[in-house]
Amino acid sequence: MTVSTDFRVLTRKRKVAILLSNGLRETIKAFNSNKTSWVGLGLFMIVVVVALLASWISPYDPIDQHISNRLQGPSDDFLLGTDYFGRDILSRLFYGARISLLIGLLSITVAIVVGSFIGVVAGYFGGRVDLVLMQTMDILLAFPSLILGLIIVAMLGPSITNLVIAIALTAVPPFARIARSPTLIIKEREFIEAGRSLGYSDARLMGLHILPNILPEILVMGSLWMATAIRVEASLAFIGLGVKPPTPTWGGMIREGFENILDGPWLAVWPGLAILVVVFSLNLLGDGLRDAIDPKLRGEGAE
Amino acid sequence: MYSYIIRRLLLSVVTLLAVLTLVFFLVRIVPGDPAQVILGDHATQQAIEALRNRLGLNQPLYQQYWDFVSNALVGDWGVSMVKGTPVFDEIVRVLPLTIELTVVALAIGIVVGVPLGTWAAVRRNRLADYAIRVVSLLGLSFPAFVSAILLLLIFSIQLAWFPVISFAGTGLGNHFRSLVLPALSLGLIMAAYVTRVTRSSMLEALGQDYVRTAKAKGVPASEIIWRHTLRNALIPIVTVVGLFLGVQIGNSVLTEIVFNRPGLGKLIIGALSQRDYTMLQGLMVVYTFIVVIVNIITDLTYGLIDPRVKYE
Numbered sequence: 020m021t022v023s024t025d026f027r028v029l030t031r032k033r034k035v036a037i038l039l040s041n042g043l044r045e046t047i048k049a050f051n052s053n054k055t056s057w058v059g060l061g062l063f064m065i066v067v068v069v070a071l072l073a074s075w076i077s078p079y080d081p082i083d084q085h086i087s088n089r090l091q092g093p094s095d096d097f098l099l100g101t102d103y104f105g106r107d108i109l110s111r112l113f114y115g116a117r118i119s120l121l122i123g124l125l126s127i128t129v130a131i132v133v134g135s136f137i138g139v140v141a142g143y144f145g146g147r148v149d150l151v152l153m154q155t156m157d158i159l160l161a162f163p164s165l166i167l168g169l170i171i172v173a174m175l176g177p178s179i180t181n182l183v184i185a186i187a188l189t190a191v192p193p194f195a196r197i198a199r200s201p202t203l204i205i206k207e208r209e210f211i212e213a214g215r216s217l218g219y220s221d222a223r224l225m226g227l228h229i230l231p232n233i234l235p236e237i238l239v240m241g242s243l244w245m246a247t248a249i250r251v252e253a254s255l256a257f258i259g260l261g262v263k264p265p266t267p268t269w270g271g272m273i274r275e276g277f278e279n280i281l282d283g284p285w286l287a288v289w290p291g292l293a294i295l296v297v298v299f300s301l302n303l304l305g306d307g308l309r310d311a312i313d314p315k316l317r318g319e320g321a322e
Numbered sequence: 059m060y061s062y063i064i065r066r067l068l069l070s071v072v073t074l075l076a077v078l079t080l081v082f083f084l085v086r087i088v089p090g091d092p093a094q095v096i097l098g099d100h101a102t103q104q105a106i107e108a109l110r111n112r113l114g115l116n117q118p119l120y121q122q123y124w125d126f127v128s129n130a131l132v133g134d135w136g137v138s139m140v141k142g143t144p145v146f147d148e149i150v151r152v153l154p155l156t157i158e159l160t161v162v163a164l165a166i167g168i169v170v171g172v173p174l175g176t177w178a179a180v181r182r183n184r185l186a187d188y189a190i191r192v193v194s195l196l197g198l199s200f201p202a203f204v205s206a207i208l209l210l211l212i213f214s215i216q217l218a219w220f221p222v223i224s225f226a227g228t229g230l231g232n233h234f235r236s237l238v239l240p241a242l243s244l245g246l247i248m249a250a251y252v253t254r255v256t257r258s259s260m261l262e263a264l265g266q267d268y269v270r271t272a273k274a275k276g277v278p279a280s281e282i283i284w285r286h287t288l289r290n291a292l293i294p295i296v297t298v299v300g301l302f303l304g305v306q307i308g309n310s311v312l313t314e315i316v317f318n319r320p321g322l323g324k325l326i327i328g329a330l331s332q333r334d335y336t337m338l339q340g341l342m343v344v345y346t347f348i349v350v351i352v353n354i355i356t357d358l359t360y361g362l363i364d365p366r367v368k369y370e
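For the record, the sequence lines run as chains E and G.
Okay, so the first sequence: first residue is 20 according to this note's numbering, each after it adds one.
Okay, so the second sequence: first residue is 59 according to this note's numbering, each after it adds one.
If you are wondering where the hints come from, they were derived from the structure by calculation, not from laboratory data.
Yeah, the Cβ is synthetic: ideal placement off N, Cα and C, and Gly gets one too.
Heads up, a few of these hints could be off.
Partial pick of chain E residues on the chain G-facing surface, computed with a CB cut under 8 Å [said to hold, decoys possible]:
#1 I158
#2 A161
#3 F162
#4 M174
#5 S254
#6 F257
#7 A287
#8 L295
#9 V298
#10 N302
#11 L303
#12 D306
Derived Cβ-Cβ restraints for the label pairs, each shown as a range [what the hints assert, rightly or not]:
#13 E:V132 - G:Y123: 24 to 34 Å
#14 G:N129 - E:G218: 50 to 60 Å
#15 G:A165 - E:P264: 35 to 45 Å
#16 G:L362 - E:L175: 40 to 50 Å
#17 G:Q117 - E:N41: 54 to 64 Å
#18 G:W219 - E:N88: 30 to 40 Å
#19 E:V58 - G:A218: 36 to 46 Å
#20 G:D125 - E:S216: 55 to 65 Å
#21 E:D221 - G:N183: 38 to 48 Å
#22 E:S220 - G:R86: 35 to 45 Å
#23 E:P264 - G:Q117: 33 to 43 Å
#24 E:W75 - G:G231: 48 to 58 Å
#25 E:I76 - G:T102: 50 to 60 Å
Bound-form chain E, shown alone:
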């Protein structure tokens, strides 16, 4: 969108694309200016590739039991050793990445969509709408998020869908808050006023003119909250509320490893390190991005 006269002759579809890509471009620009976010992205991409290629690069099937080789330490046959049932830990780690990333990505996507919607609507309309929506968010925030997730999963039963619902629900209020405050400022700006005088609908103003402007902040928080989501999923699996065994999950592996901690400390250590790497990479990514976008916010974590 370099010259505004050009903008007027564009097709409607093209206009939408430009408005949305402006928001994304800001994010990418911020991203390039920060070295640590590159390190974070690199680490994270390694995990993504491992998860995608799990079925090709795993030396064994993650569920096959080699009973004669149970509780082995790291060796040439089993690079990271075997667990209580004689399953290869490295293969289980690779497959476990899939569950962590899948649940993390899905739950944060849901939280971003629902949270931004609530936040933008609350900020745009103000008044009673704002009061009711944000009070509801505050009530949800009055629970420690892990406890809320724990109770919901325990009630609904541990499946991928229910885990996504539970984790997304704990992350909706923060995204609503993040989306609301810039909306309050942007809705007073001239271009919104101009849009209104042109007869644009509220939905159009919110979706195409306000949302792209607050997108960078939301996406940055998204990477930080995805770190939290992966940590919460692992915590729930550790408590025994994760995706059901024998599906390998990192939290579940730590749970099994912890039960046999005296026989093989590595059982709990390897998946623990895997979680640490993913969460750290996302934190590094989000932290660097946030530094670039808003120096004032520096240092405050998602949790």
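Model the placement of chain G on the given structure of chain E, informed by the hints.
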């Protein structure tokens, strides 16, 4: 100020009411009949019916709701559906242990985090700053149970400095020994957080005009940092620490499981697996209550730090 506290307390009653309502319905979405779960698969129909009557499950929903809310507000949270003991007593018995754990972890977080964060801010973009930032981000990335397991592996199993199972004995010495590792595992995460917040808050305060003035008139650097700047940087620190305390109370569940330490965490896990509705309701109320109280204390701390803060 007193009227402010009273108003805040009244407002928190409203929050509690909303939470109670949420809890009431949340607990009842569960598939499965609690009476059936408690008595097992072999129970007779009469036994189940009798238990349903005793638990009030046969009453209409609005009656159950009214009884629940009115009793909960006066501290009567019913009896545990599984153990038959009053929920309130069960919770109050272990509550001090969870609070002790969280408060000691908070103390560790402040003692380690504030000086580190201040140091990083003063040495901005130098080696010390980078090192502290990376290490604190790493600390923040630890799931509470992973840090707990690592500490357990190193200090209890390898070095055998501490008992593997907490609360192995009685007496003050044992009590202290069983507290060290759990508090440390939560405290280090807290420290990482406090460090980051302190750093950013100090960076902002160090850029203020009064710092330049103080420098110009020759106030020693250490006095500027520790006496003037830090005090001004404290309010944002207190705010986020207050918010994070709620997260920590959730995390303490994991720590209590790993160290096999009695507390709210073990209680909630037990209640969930046995479908102890009344216990769950009570626990949710307690958690909410703690968060609400922490928020009020956080607000009141502002006045202690900064005399300019007025409570309207």
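Here is what the structure says about each hint:
1. I158: holds, 5 Å
2. A161: holds, 5 Å
3. F162: holds, 6 Å
4. M174: With a closest approach of 5 Å, the E:M174 hint holds.
5. S254: Cβ of E:S254 sits 6 Å from chain G, so the hint holds.
6. F257: This interface hint holds because 5 Å falls under the 8 Å limit.
7. A287: holds, 5 Å
8. L295: The hint holds - E:L295 has a Cβ within 8 Å of chain G, the shortest such distance being about 6 Å.
9. V298: Given a least distance of 4 Å, the restraint on E:V298 holds.
10. N302: holds, 5 Å
11. L303: With a closest approach of 6 Å, the E:L303 hint holds.
12. D306: holds, 6 Å
13. E:V132 - G:Y123: 24 to 34 Å: holds, 32 Å
14. G:N129 - E:G218: 50 to 60 Å: holds, 56 Å
15. G:A165 - E:P264: 35 to 45 Å: At 39 Å between Cβs, range holds.
16. G:L362 - E:L175: 40 to 50 Å: holds, 44 Å
17. G:Q117 - E:N41: 54 to 64 Å: holds, 58 Å
18. G:W219 - E:N88: 30 to 40 Å: holds, 33 Å
19. E:V58 - G:A218: 36 to 46 Å: Holds, at about 38 Å.
20. G:D125 - E:S216: 55 to 65 Å: Distance hint for G:D125, E:S216 holds at roughly 56 Å.
21. E:D221 - G:N183: 38 to 48 Å: 45 Å Cβ-Cβ, so the 38 to 48 Å window holds.
22. E:S220 - G:R86: 35 to 45 Å: Given a distance of about 40 Å, which is inside 35 to 45 Å, the answer is holds.
23. E:P264 - G:Q117: 33 to 43 Å: The hinted range 33 to 43 Å holds for E:P264 and G:Q117, with Cβ atoms some 39 Å apart.
24. E:W75 - G:G231: 48 to 58 Å: holds, 56 Å
25. E:I76 - G:T102: 50 to 60 Å: With a Cβ separation near 56 Å, E:I76 and G:T102 satisfy 50 to 60 Å, so the hint holds.
Checked against the numbered hints above, the structure violates none of them.
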